[in-house]
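J.: Once you have looked at the hints, place chain V on chain B.
This is what each chain is made of:
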Amino acid sequence: MELNPQTELTLGKNEKLPTGKLHVAQYLIAAILLVLSIGLWRLEVVSADNFRAMAEANRIRKVPVMAPRGRLFDREGRLLVDNYPSVSCYILREQVKSFGTDLPMIASGLHLTVEQIEAALKKYQTAPKYQPIPLKQDITPDEQAFIEAHRNELPELETLEEQRRVYPRDGFAAHLIGYVGEISEEDLNKEKYAFYLPGNVVGKSGVEATYDSLLRGVDGSRDVIVNSHGKEIGHLGETMAQPGKDLKLTIDLDVQMAAEKAMEGKNGAVIAMDPHTGEILAMVSRPTFDPNQFAIRLTKSYWNEILTNPNHPLLNKAIQAQLAPGSTFKIIMSYAGLQEGVAQLMHVPCNHGATFYGHYFSCDRNHGMVTIDTAIPYSCDTFYYTLADRLGIDTIARYATSVGLAQKTGIDLPDEATGNMPSTVWKMKTFHERWYPSEAMSVGIGQGAVTATPIQLARALSGIASGGVLRRPHVVFTDEVPADELEAIHETFPGSGEKTIPLSTQNWQILTDAMYSVTSSPIGTAYAARLEGIDFAGKTGTADIVSGRDKSSKNKDTIPNAWFVGMTPRRNPDIVVAVLWEHGYWGNNSARLASGIINAFVAKQRKRENNIKIAQAAPVPVTAENASKEASPKASAADVSN
Amino acid sequence: MFRLSSYRDFDWVLLGFVCVLSVISVLEIKSATLHTKFHGFDHKQMGFLAAGLLLMFLISMIDYHVLLDIVPWAYGISIFSLIAVKVAGQKVLGARRWINLGGGVHFQPSEWVKLVLIVAVARYFWNLAGRELTWRDIGKAAALVCVPMALVLTQPDLGTSLTYSPILMAGLFLGGIRLRQVIVIVFVLLLVGGVAWKSGKRLKPYQQARINAFINPDSDPRGSGYQIRQSLIAVGSGGIWGKGANKGTQTQGDFLPIPYTDFIFAAFCEEHGFVGAMGVLLIYFLILMRLIQNAQTAADLPGTYIIMGVVAVIVFQIAVNIGMVVGLMPVTGIPLPLMSYGGSSILFTFLALGIVMNVRMSRFVN
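For the record, the sequence lines run as chains B and V. First residue of the first sequence: 1, per our numbering; consecutive thereafter. First residue of the second sequence: 1, per our numbering; consecutive thereafter.
These aren't lab readings, by the way, just hints derived from the structure by calculation. Fair warning: there could be bad hints in the mix.
Said to hold, decoys possible - Listed next, with one range per pair, are the computed distances between beta-carbon atoms:
| hint | chain 1 | residue 1 | chain 2 | residue 2 | range |
| --- | --- | --- | --- | --- | --- |
| 1 | B | P104 | V | L282 | 49 to 55 angstroms |
| 2 | B | V45 | V | Y206 | 29 to 35 angstroms |
| 3 | V | G16 | B | G20 | 28 to 34 angstroms |
| 4 | B | P104 | V | W135 | 44 to 50 angstroms |
As the list claims (entries may be wrong) - Derived DSSO-like pairs (lysine-lysine); straight-line CA-CA distance at most 27 angstroms:
| hint | chain 1 | residue 1 | chain 2 | residue 2 |
| --- | --- | --- | --- | --- |
| 5 | B | K62 | B | K123 |
| 6 | B | K122 | B | K62 |
| 7 | B | K62 | B | K261 |
| 8 | B | K62 | V | K247 |
| 9 | B | K190 | B | K122 |
| 10 | V | K37 | B | K97 |
Glycine included, every Cβ here is placed at the ideal spot set by N, Cα and C.
Looking at chain V on its own, in the form it has when it is part of the complex:
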C-alpha cells in the first residue's frame, strides 16, 4: 500500500509558498483578535497548521491510486456522515454543521466531503475517458456532486455547498463537455434560477437579505449591508501602504465582522494596504500555477483530475472570498484558503496538498 517515493520529488517550492501564506495568516489572526475574546486564536491556528503539515506528509505517502480505489467507500461514508450531522450534529449559529468527536474536538464533515468529492469526480471522469460525454454521463456526474451538495445546503451552509460546484465544473471541463452542452446547461440553470428567485422560496431570508445588501450596500447600513459596508471601508481605508500591523481601526475597533475568518482579507488589506494585498494575491497566483504545473506533469489522467479539482476549489474560494471583501460578490461565508482561521478549512487544504504531493512524487513511476 505504501510506496517508496522520493522526497526529492516532494514539491518544496509549493510548500514554501504555502508556509509564507500560513505565517501571514497567523500574524493577521493575531492582530484581528488582539482586543477581543478570541485572543489566542493565532496560537490555535498554529496548532492547526502543524497538524495540517503532519497530515499532509502522511497522506503524501499514500499512493493516490489507493485513494481512487477506496473512494466509493469513502463517498458512502461521506453521505452517511452528512446525514449523521443533520441528525446528531451540534447546532452552532443556527446551523448543524459539526459533529462533536469528544475531548473538545469538533469536526465539520462538509470540509472533508470536499476532498472525497475531488477524488470521486476524478475517478468518475477517468472511467469515462476515451469517449464523448453523453447527457447521461453529465447527469450522473451532477448527481454525484449534487447529493452531498444538497445535504450540506440544508444544514444550512450555502457557502460550503457552493464550494462543491467547482469540482463538478472542473471535472466536466476536463472530462470533455462540449460547448453545445455547456450552453444548454447554462440556459436551463438561468431559467430555473430565475423562477426560483421570482418565487423567492429557495433562499432563506438572511440569504436574500445578503444578496440585496450586495446589490445596494447602503440600503440598510446596520443590517445586512453592514458587513459589506464595513468591509469596503476597511479595505478602502487601508490605502496603498496600509495602516500598519495591529493598527487597523476597522479591525481593532470591532467594526469589521469576524475579521479572523471570512473577513480576514479585509483586515489584512486595512493593515497592509494595496501593496500587501497584491503580495498575497501574487503568492496565491504562484501556488496555483505551481499546482497546474504539477497537474501537467502528473503521471496519468486521474492525477491531473485530482490536482485540477484542488485548484478549482481553491480558486473558487479565493474568488468568492476576496470578491466578497472588495464588494464584487455577495456575502456567502466561504473561508479564504490558507488565510482564514479554522481547523477544518486548514486540514482540508493541507490534506488536498498532500494528495497533490503524492501525485507529483508518483510522476515518474509509470
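Looking at chain B on its own, in the form it has when it is part of the complex:
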C-alpha cells in the first residue's frame, strides 16, 4: 500500500483526496474481478464436461419398468396363476439427508420398524448407491399417500408399480406351481442367477423356479427427468419391458381338483400322470401352504407356522417323500420274477408266513397255495419272500433300477429325491458289510432299505403298464419351451428320463391282469375301491413305519403309510395315479382315494368324447406301446362287472 504519511498530514478539511488511493482501489477491484473470472473459467471451461455429467446424473433417473411375469394355465388353457398391479416403496440412499431423523419418520409412515429399515439398508450395503432399495412391497393406499405428502421432507422415498403374483387359494397345487420371492444372497452368487440383481423377484420353488428364465421376461427402464424433490417432471426415453412367457402346464384342473379333494385333511401326496407322454395331470402334496403369503413379504408368524409344522408343508411329497413303498413294490418284484422266468412257475403255500434262513417271516393271512395270478391281488407276502429269495437282491435291484428306482425321474421340478435301492454293492459301500440273503425277504415286500417317491412309483407302473416304455415326467408341455431351454432343463434335472425296458407280451398281460384283479376280484386287496364300468387296475401298499413288533401301538406316528398305485385302462393306460397317505393305515384306503381321481378322469374323458354310454368296458387289445412287441392273439378277458 502506497501510504504516504506526508500527504496524510497535509490533507486539509476541504482538500481533495490524492488520486493514488483511488488507484489502489481500482487495482484492488480489478484484482477481485480477475480472481472471480478465474474461478468461473476453472468451472465453466476447464471442468465443464465433468459438471455437465454431474448435472445430468442429478436430474436423470433410471426407473425400472417391471416386466409382468408369465401367467400359468392348465392343459386346457384355464388360468391358474395371474398377476395384479401393486405398488412398492423404494429408498434412494443418495437422497437421504439424515438417516437419524428420516428413518423414524419413514418407519412410522410405512408401518415398519427402524430396525427393519436398517436391516434392508444393510442387506444392500454393497449395491451401487444410485440403485433404489426395496423397502416395502405391496404398500397400502394410506402408505402411498404418506409418501406423496412427504415428497419434500423425504425425497428419498420412491414408489414403483409392479406386477405381483396371485396364486390359487388354499394352497391349490402350491407345490407344483411354487412361489416367487426376492432373490436371496446365496442365490445371487450362483451361476444360474449371474444376471440377477439384488431385489429381483425370482421363482423359489416349483414351476416358478424351474421356468423362471421364461416366466420373468425382461425388465425395461425409463429415463425420467426429476427435480430435486425426486418429482418426475418429464421423461427422455423408454426401453419397453418384455413380458414373461405364458406357460401351459400339463395338469388338468379337473383331475387336480379331484386329487386335492381326495387329500383334504390328510397328509401325503398324489400324483397323476399320462403314461403315453409323461405329462403330469395332477400333483398334490399335503399339508400345503399359501404361496400368496410368500409373494409379498412373508410374515414372521406364518413363516414360523410353516417351519414348526411337523408335517413339512413346504416339502413336495409327490417328488420328495422317500418312503418304503410297501406292497406296491411287488409290481416290480413280479416284473423281475416274470422276466427272469421264475414267478410264473412258482406255487407257494402260504401259511401265515414262512421260514427262511432260520427266521420266520409272517404274512397277514393264510392264503393257501399262491401263484403269480393270485399273489398280486392277495398281496401275499409269503409268495414274495420266496420270490425274493429265488431272485436274490442284486437281480431285484437291477430290475428296480431299470424301472427308475434309486434315481431321479428327471421331472422338471427342483429338488427331486432319489430314493434308495439296496444291493450287495450298496451295502458294502454304505455299511462296509456283506449282504445277508435273509435281508432280501423284507426288500421283497417293499420294506427294509428300499425307499421310493410317489413319482418314481407312478413312473415305474406307467412303464410296466405301457409294455415297457418309460417317459420323463414333466409339468410343462415340452413344445411350450424353446429347444435350448428344454435341453438346459434336462441337464439341470437329470434322471432316468425316457427309456424302454424289456417286457414280454405274455408277462405284460399276466402283470396287468393280476393288477386288475386287485380291484375287481373279491380276493383283491382294493376290491372295496372298484369302479363299475371302468377298467381300473392297481396295487395297494401298506408300508410299516416301524418293524413289525410295534404294529399294535396306538401311537399315530407308527400307523403304516397307505400306498396305492393304479391306472386305467389296465394296459396302455391313459392315466396312472400314485397315492401316498401317510399314516393312512391300510393300502385299501389310498385305493379309494385313487379310484375317486380315476373316476373323475374317466368321467371327463367320456364326456369329452361324447361317449357317455355306460361302456361294456371292452378288454383292451394287447398292443404295447413298445412297438417291438407283437400282439398276442389271446386277449385278456377281464370281466369288468366282476
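T.: Same frame as chain B, but now just chain V:
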C-alpha cells in the same frame, strides 16, 4: 435545502449500465422462478426497480451535505430501529430481520442502516481529516460501525452485518490508517478469531456447518455441502455458452437453492455460460470504475468518502456472492447487488446511487 443542480451532470452512463444489469436480473429471476411457486417475482422485481429509480432521482436532489448534517440523528434512529426489530420484528426463517409496516410492506432496517453508516463514516473521517489517525480515532470509528453490526449479527444475520465491515475498512483506508496500525489490527483479529474458532461458541451450528461444507463440499452432499455442490454443478455445467435461457437443468429442476436471490449468479452462469458471466462481470467493472471516477471528481472529501463507501459495499457483496457461487467463499447469504431479487437490497443500491449522483452533480459547486 433543495439545490438546483443540473441533470446535465447526472451520470446517465452509470445509470445505463445499472439499467442493463437490472434487465438481466429481471430476466434471470423470471427464468429461475418459472416453474416454482415464486413465479411472478420478476414482475415484483420490476416494481422494486421502478421504486428504486424514483427514490434515486428523489435523493439525488438532496444535497449530500444535508445528509452529512443530519446523519447523527439518522444514526440514532438506525440503532433504535435495529433494537425495535429485535423486539417487534417478524421472525422469518428463524431470524428477526423485518419490520411489518402494514399493508403488506415489510422493511428490513439492516439494509438502510448500511446507507446511514456510509454517510456517518464519511462524516467521521471528514472531521478527522488533516491529522494522523490515533488508536483512539480508530477505536471510535470501529465502535461507530460495530454497534449496529453487532445488533444485526444477533438478529441473526451474519451476511448483512458483514457488509458493514467494508464501510469501516474503506473509511480507515481513505482516512489515513498507517500500515503499522493495519498490521497490529490484523494480528489481533487473527488471534481473537483463532480463539473464537477454537472455542466454537461464536458461530451458530449452521454457520459452522457452512464453513465446514465450504472447506469440503462433498462431506455432506445432502446437508450444508448441498448448496455449494449444486451451485458448482450449475455453474460448471453451463460451459462456455450456457444451456440457454430457461433451460438450466439445475435451475429449472430446483436443484439450485434459492436461484432467484443468493444463487442468482449460479443460475445465470448455468443458462448463459462463461461468456454471459464475463459480460456481467464486465458491467460490474464498468459501474465500479465509473463510481471511482465520480469519487475522484467529487467536490470535497466527504463526497469522495461517501462514493468510496458505496463502492466498498458493492465490491464486497460482489466478491462474497460470486465467490460463494464459484466455491471460493463460504455460503453467507449476501445478495448480489442489482441482480438478486429483493426490495430492500434494490432500494439500498438505488438510494446509494442517488447519493452518488448528487455528489457528482455537485462537483462544480465549490
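J.: Look at each hint and say if it fits the structure.
T.: Taking the hints in turn, this is what the structure says about them:
no. : hint                                : result
1   : B:P104 / V:L282: 49 to 55 angstroms : 52 angstroms, holds
2   : B:V45 / V:Y206: 29 to 35 angstroms  : 33 angstroms, holds
3   : V:G16 / B:G20: 28 to 34 angstroms   : 29 angstroms, holds
4   : B:P104 / V:W135: 44 to 50 angstroms : 57 angstroms, violated
5   : B:K62 / B:K123                      : 21 angstroms, holds
6   : B:K122 / B:K62                      : 22 angstroms, holds
7   : B:K62 / B:K261                      : 48 angstroms, violated
8   : B:K62 / V:K247                      : 21 angstroms, holds
9   : B:K190 / B:K122                     : 21 angstroms, holds
10  : V:K37 / B:K97                       : 23 angstroms, holds
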